[in-house]
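Trainee: When you get a sec, could you build the whole thing from the sequences and use the hints?
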Amino acid sequence: MTDRLTQLQDAVDQLAQQFVAAVHFVHKRHDYQTLGPNDKVREVKPEEMQQTIDPLPAEDFQAGLSELSRDLITKEQQIEYLISMLPGLQNSEEDQEKSIKELEEDLKAAEAQRLEALKEKDEILAELDRVIQSIHRP
Amino acid sequence: MADEEDPQSLVGTFPEPPSFYKDFTPANVSRIEELRKAAGIEDLASRLPDVPEDLINLQPPAEPENGKWRVFGDHYTLEDKLPTLEEVGAVSLPPTHPSRLQASPSSSQVAQNNHYDHALELKRLTKSLLLNFLELLTTLSQNPGHASAKISDINTLLINIHHALNEYRPHQARESAAELMQDHLDTIRRETTSVREGVDRARRVLEGLGSLTFAEREASQAPVDEEAEKKLRKQQDGLTLWNCADALLA
Chain A
1 MTDRLTQLQD AVDQLAQQFV AAVHFVHKRH DYQTLGPNDK VREVKPEEMQ
51 QTIDPLPAED FQAGLSELSR DLITKEQQIE YLISMLPGLQ NSEEDQEKSI
101 KELEEDLKAA EAQRLEALKE KDEILAELDR VIQSIHRP
Chain B
1 MADEEDPQSL VGTFPEPPSF YKDFTPANVS RIEELRKAAG IEDLASRLPD
51 VPEDLINLQP PAEPENGKWR VFGDHYTLED KLPTLEEVGA VSLPPTHPSR
101 LQASPSSSQV AQNNHYDHAL ELKRLTKSLL LNFLELLTTL SQNPGHASAK
151 ISDINTLLIN IHHALNEYRP HQARESAAEL MQDHLDTIRR ETTSVREGVD
201 RARRVLEGLG SLTFAEREAS QAPVDEEAEK KLRKQQDGLT LWNCADALLA
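Heads up: the protein sequence lines correspond to chains A and B, in order. Each residue of the first sequence is one higher than the last, beginning at 1 in full-length UniProt numbering. Each residue of the second sequence is one higher than the last, beginning at 1 in full-length UniProt numbering.
What the hints contain is simulated information worked out from the structure, not anything from laboratory work. Please note that a few of the clues may not be correct.
To be verified - Capping the alpha-carbon separation at 16 Å, the derived lysine to aspartate or glutamate pairs in EDC-like fashion look like this:
(1) A:119 - B:197
(2) B:68 - B:79
(3) B:127 - B:167
(4) B:127 - B:117
(5) A:101 - B:191
(6) A:121 - B:200
(7) A:119 - B:179
(8) A:108 - B:191
(9) B:22 - B:53
(10) A:28 - A:60
Mentor: This is how it looks when you write it as structure tokens:
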């Protein structure tokens, strides 16, 4: 799991790759069309056709188109969501510095308290030890 | 040249250590230390102005003069800052948000600004990215020759988005630092509380024991008629004491 900015940059790169993939799909997988009633699709030998385009059946091509466009929109929405989730959008640099300073103070205080508690614990342990050693089970 | 490589060092699975390691003899090291002392330099990083030729490898090389150097084909600068879009030769899209239009483009002022419009800016860039792609497809379907202009538009948009995100990185770094500190603080506080709880429990046990020993002493001070009865009483008291202690500790 990377940080959100890197996620966002990756998402943008993926969107760009999807652009390329979409153009490539449209470019390569379409079938020949006639422009007017008098036109005729020229018969091409299959091996020659392989080099230029690789047509899909009409429904599959349409399905591919809509899937690609849906993916594009989804990715774009992901990016927008990631943007709105960027950490600390509402904080300015001064706010950040202030809160970091406060946290530093709090950390120092908490550390002191922790050490104090540990000392207390050691004392009580020593006392307990003393008491236990002074008792003998009859 | 001092750092001329031995041709044999290129053979072998692992590269040889740099040849200047041989210069670090005890005699040489003590010599340079004396020179340092004589020049009054304590800090290892600061350099002696002129050292004898055979000691030249014993102190770190000087910083590159223009602040730039190359490693593995990449360029580095001493000053670790984000180059502006103009410096890397890309078109910088001007901010469209009114609050940023007035601000001067210096990065410090932008950083002072609330970052909320930063997000808005990014969202706009993303939206125009999608729109430009649509326009690119239209151009391609109608006049493929004109597509290159649209492609460079998309390129500019992508570069701008990445640049805006990189500008945001210091902000995120500060934010993550604060988050880490908060986590650490919570851990310390939790630890302190649990230690305190343990101490309190132990103290209660001790107090319980203390009151019991007190009771026992009273019992033993009570007048007794016979030696045997006294012994028995004492034994019984001891047993109750131990039972109570067991109950407390359980």
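Trainee: Next, verify each hint and record whether it holds.
Mentor: Going through the hints against the structure:
1. A:119 - B:197: holds (14 Å)
2. B:68 - B:79: Holds. Residue 68 (chain B) to residue 79 (chain B) sits at ~9 Å (cutoff 16 Å).
3. B:127 - B:167: Roughly 20 Å between the alpha carbons, so the hint for residue 127 (chain B) and residue 167 (chain B) is violated.
4. B:127 - B:117: Measuring from Cα to Cα gives roughly 15 Å; hence the hint holds.
5. A:101 - B:191: Given that 16 Å is the threshold and the Cα spacing comes to 22 Å, the pair is violated.
6. A:121 - B:200: This hinted pair holds, its Cα atoms lying about 9 Å apart.
7. A:119 - B:179: With a Cα-Cα distance of about 29 Å, the restraint between residue 119 (chain A) and residue 179 (chain B) is violated, given a limit of 16 Å.
8. A:108 - B:191: holds (14 Å)
9. B:22 - B:53: holds (14 Å)
10. A:28 - A:60: Roughly 13 Å separates the two Cα atoms, so the pair holds.
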